[in-house]
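Chains as they are written, first to last, in our numbering: chain A, 1 to 126; chain B, 1 to 126; chain C, 1 to 126; chain D, 1 to 126.
Be aware that one or more of the hints could be misleading.
To be verified - Here are some chain B residues the structure puts well away from chain D; computed CB gaps all over 12 angstroms:
1) Glu17
2) Glu32
3) Ile67
4) Thr70
5) Glu79
6) Gly80
7) Val82
8) Glu102
9) Ala106
10) Gly109
11) Lys115
12) Gly116
Said to hold, decoys possible - Facing chain A, according to a computed beta carbon distance under 10 angstroms, are these residues of chain D, among others:
13) Asp68
14) Thr70
15) Leu74
16) Glu79
17) Val82
18) Val84
19) Gly93
20) Leu100
21) Gly109
22) Met113
23) Lys115
Hints in this document: simulated from the structure, not taken from any laboratory.
We put the beta carbon where it would ideally sit given N, CA and C, even for glycine.
Protein chains: 4
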Amino acid sequence: MMENDPFSRWLGIEVLEAGAGSSRLSMRVREEMLNGFGIAHGAIAFALADSALAFASNGHGNHALSIDCTINHLIPVKEGEVLVATARQQTHGKSHGLYLVEVHNASGGLVAMFKGMVYLKASSWK
Amino acid sequence: MMENDPFSRWLGIEVLEAGAGSSRLSMRVREEMLNGFGIAHGAIAFALADSALAFASNGHGNHALSIDCTINHLIPVKEGEVLVATARQQTHGKSHGLYLVEVHNASGGLVAMFKGMVYLKASSWK
Amino acid sequence: MMENDPFSRWLGIEVLEAGAGSSRLSMRVREEMLNGFGIAHGAIAFALADSALAFASNGHGNHALSIDCTINHLIPVKEGEVLVATARQQTHGKSHGLYLVEVHNASGGLVAMFKGMVYLKASSWK
Amino acid sequence: MMENDPFSRWLGIEVLEAGAGSSRLSMRVREEMLNGFGIAHGAIAFALADSALAFASNGHGNHALSIDCTINHLIPVKEGEVLVATARQQTHGKSHGLYLVEVHNASGGLVAMFKGMVYLKASSWK
Numbered sequence: 001m002m003e004n005d006p007f008s009r010w011l012g013i014e015v016l017e018a019g020a021g022s023s024r025l026s027m028r029v030r031e032e033m034l035n036g037f038g039i040a041h042g043a044i045a046f047a048l049a050d051s052a053l054a055f056a057s058n059g060h061g062n063h064a065l066s067i068d069c070t071i072n073h074l075i076p077v078k079e080g081e082v083l084v085a086t087a088r089q090q091t092h093g094k095s096h097g098l099y100l101v102e103v104h105n106a107s108g109g110l111v112a113m114f115k116g117m118v119y120l121k122a123s124s125w126k
Numbered sequence: 001m002m003e004n005d006p007f008s009r010w011l012g013i014e015v016l017e018a019g020a021g022s023s024r025l026s027m028r029v030r031e032e033m034l035n036g037f038g039i040a041h042g043a044i045a046f047a048l049a050d051s052a053l054a055f056a057s058n059g060h061g062n063h064a065l066s067i068d069c070t071i072n073h074l075i076p077v078k079e080g081e082v083l084v085a086t087a088r089q090q091t092h093g094k095s096h097g098l099y100l101v102e103v104h105n106a107s108g109g110l111v112a113m114f115k116g117m118v119y120l121k122a123s124s125w126k
Numbered sequence: 001m002m003e004n005d006p007f008s009r010w011l012g013i014e015v016l017e018a019g020a021g022s023s024r025l026s027m028r029v030r031e032e033m034l035n036g037f038g039i040a041h042g043a044i045a046f047a048l049a050d051s052a053l054a055f056a057s058n059g060h061g062n063h064a065l066s067i068d069c070t071i072n073h074l075i076p077v078k079e080g081e082v083l084v085a086t087a088r089q090q091t092h093g094k095s096h097g098l099y100l101v102e103v104h105n106a107s108g109g110l111v112a113m114f115k116g117m118v119y120l121k122a123s124s125w126k
Numbered sequence: 001m002m003e004n005d006p007f008s009r010w011l012g013i014e015v016l017e018a019g020a021g022s023s024r025l026s027m028r029v030r031e032e033m034l035n036g037f038g039i040a041h042g043a044i045a046f047a048l049a050d051s052a053l054a055f056a057s058n059g060h061g062n063h064a065l066s067i068d069c070t071i072n073h074l075i076p077v078k079e080g081e082v083l084v085a086t087a088r089q090q091t092h093g094k095s096h097g098l099y100l101v102e103v104h105n106a107s108g109g110l111v112a113m114f115k116g117m118v119y120l121k122a123s124s125w126k
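The shape of chain A in the complex, shown without the other chains (with noise of 0.2 angstroms):
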């Protein structure tokens, strides 16, 4: 999935961790990322947040599609910090899974706090 996702390459995304409904992803803040306040656009949490759900919705095999996706924004972010997004299953049903995404900064503040839907659709993307 990775090597065919431009954005998370742009991101500078690395995957310390993935499977069937969890993922653990990283990646460095650089000076591209930052809004006009000189602080991380509030799109790089996010976008971090939404692939960690990617990876761990669409662990299970079937195509996962977000579609309802919430974010709080607890402690700015600087250029050069390094960000940890943690994904868990919440529920895994029939027709929708829903997950909690944690965004963490190196000295363990709660960045952001993520919380996505996915529409599970009887197709599969292996």
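Keeping the supplied structure of chain A fixed, place chains B, C and D upon it in accordance with the hints.
Below, chains B, C and D without anything else, positioned relative to chain A:
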């Protein structure tokens, strides 16, 4: 704001309109923004909507910090498509503001619906 | 639908309008709906909005199951106030529909903004 | 707090545990809490979770105002079922706190997942 926003520049965002409580931004989806399924990564529509939120909510002068954002992905987005995000203020209180951002494709389809709450700081960013 | 909905009856909901994809409901806040701070419990505005979602999304005939709802509380609600919830369909696809519901008080203030996603089952409830 | 909360009393909420940043509440679903499809109205699980949020977030002493709540309905709830909501603090900052609330049924199934953000006022409610 735009000149100092490296990530919005990377996205190729064009500001069509920006005022106190509203904004309209557009961008074209490039190959490096796609995910492993060949459609735009979920973070791309989020990024455009989040930037529209930033332009609209900071348009009042006070520093607005997005704290809670949700997005619904409704139509897949392909390479080359031009997206337009329109942010509309719902409330602007003493401490918080609420915004809806609609993201449309060129044929008028609602690609994503975004809702963002901002915390309004006493300080001005201007 | 209404005659068979005990909780909406307890709330005292009045259906002002109900169609395929839209609805308008009202109710009066009673003493037993207040929380420990003497204002309406957050679940009251949610309940009215969620009922408006149910009326609008089931109006197409197919069984619509609400799966992901968010609410922003914007203005406190007091005993005796009459609330009106207006549901508007954003999309109605093959498997999912998205709705916004605004809850206003009698002086036109936006008390709460609700967003709900429903899963559309193949079965009809009629 | 409980004695002065008429809606929580109507719900029949029992406080199993309540502290600074955490709480555990239970209730039994009665006939008048059902919707038109004969299952618990979505606002019932929301109400229990929202009350758990209020107990946990106000447990620090400062007045906590819930401003942004999301709920995912995962398993339908029937009349007579006993639900237990467990609230866990994710962050407690200067101005905002974030909580997750899980609602389980008697057989341990995750009925609903709730995420709530509160605004922490300087004033104390005690």
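Here's how the hints hold up against the structure:
Distance check for B/Glu17 against chain D: the nearest CB is about 27 angstroms away, which clears 12 angstroms, and the non-interface claim stands. With a least beta-carbon separation of about 31 angstroms from chain D, B/Glu32 lies farther than 12 angstroms from that chain, consistent with its non-interface assignment. Its closest Cβ contact with chain D, about 6 angstroms, brings B/Ile67 to no more than 12 angstroms, contrary to its assignment away from the interface. Taking the minimum C-beta to C-beta distance to chain D, about 7 angstroms, the non-interface status of B/Thr70 is violated against the 12 angstroms cut.
Non-interface status of B/Glu79 relative to chain D is upheld: no Cβ of that chain comes within 12 angstroms, the nearest being about 32 angstroms off. With a closest Cβ-Cβ approach of about 33 angstroms to chain D, B/Gly80 is found to remain outside the 12 angstroms limit, as its non-interface label requires. Every C-beta of chain D lies more than 12 angstroms from that of B/Val82, the closest at about 31 angstroms, which supports listing it as non-interface. The non-interface label for B/Glu102 is consistent with chain D: the shortest C-beta to C-beta separation is roughly 19 angstroms, beyond 12 angstroms.
The non-interface label for B/Ala106 is consistent with chain D: the shortest C-beta to C-beta separation is roughly 31 angstroms, beyond 12 angstroms. In this structure B/Gly109 is separated from chain D by more than 12 angstroms, as the shortest Cβ-Cβ distance comes to about 25 angstroms. At roughly 9 angstroms, the least C-beta separation between B/Lys115 and chain D is not larger than 12 angstroms, which violates its mark as non-interface. B/Gly116, annotated as away from the interface, has a beta carbon of chain D within 12 angstroms; the closest lies near 10 angstroms.
The beta carbon of D/Asp68 comes within 8 angstroms of a beta carbon in chain A, closer than 10 angstroms, and the hint placing it at the interface holds. Look at D/Thr70: its Cβ gets to within about 5 angstroms of chain A, closer than 10 angstroms, so that hint holds up. Hint on D/Leu74 holds. Least Cβ distance to chain A is approximately 5 angstroms, under the 10 angstroms limit. Below 10 angstroms, beta-carbon pairs count as interface contacts, and D/Glu79 has none with chain A, the closest being about 22 angstroms; its hint is therefore violated.
For D/Val82, the suggested interface contact is broken, since its CB lies about 20 angstroms from the closest CB of chain A, more than 10 angstroms. A hinted interface residue such as D/Val84 counts as satisfied when its beta carbon comes closer than 10 angstroms to some beta carbon of chain A; here the least separation is about 16 angstroms, so the hint is violated. Hint status for D/Gly93: holds, given a least beta-carbon distance of 7 angstroms to chain A, under 10 angstroms. A distance limit of 10 angstroms between C-beta atoms decides the matter here; for D/Leu100 the minimum to chain A is near 7 angstroms, and the interface restraint holds.
Given the 10 angstroms rule on beta carbons, the hint for D/Gly109 holds: about 9 angstroms separates it from the nearest Cβ of chain A. For D/Met113, the shortest C-beta to C-beta distance to chain A is roughly 6 angstroms, which falls under 10 angstroms, so the interface hint holds. Taking 10 angstroms as the C-beta cut-off, the interface hint given for D/Lys115 holds, the closest approach to chain A being about 6 angstroms.
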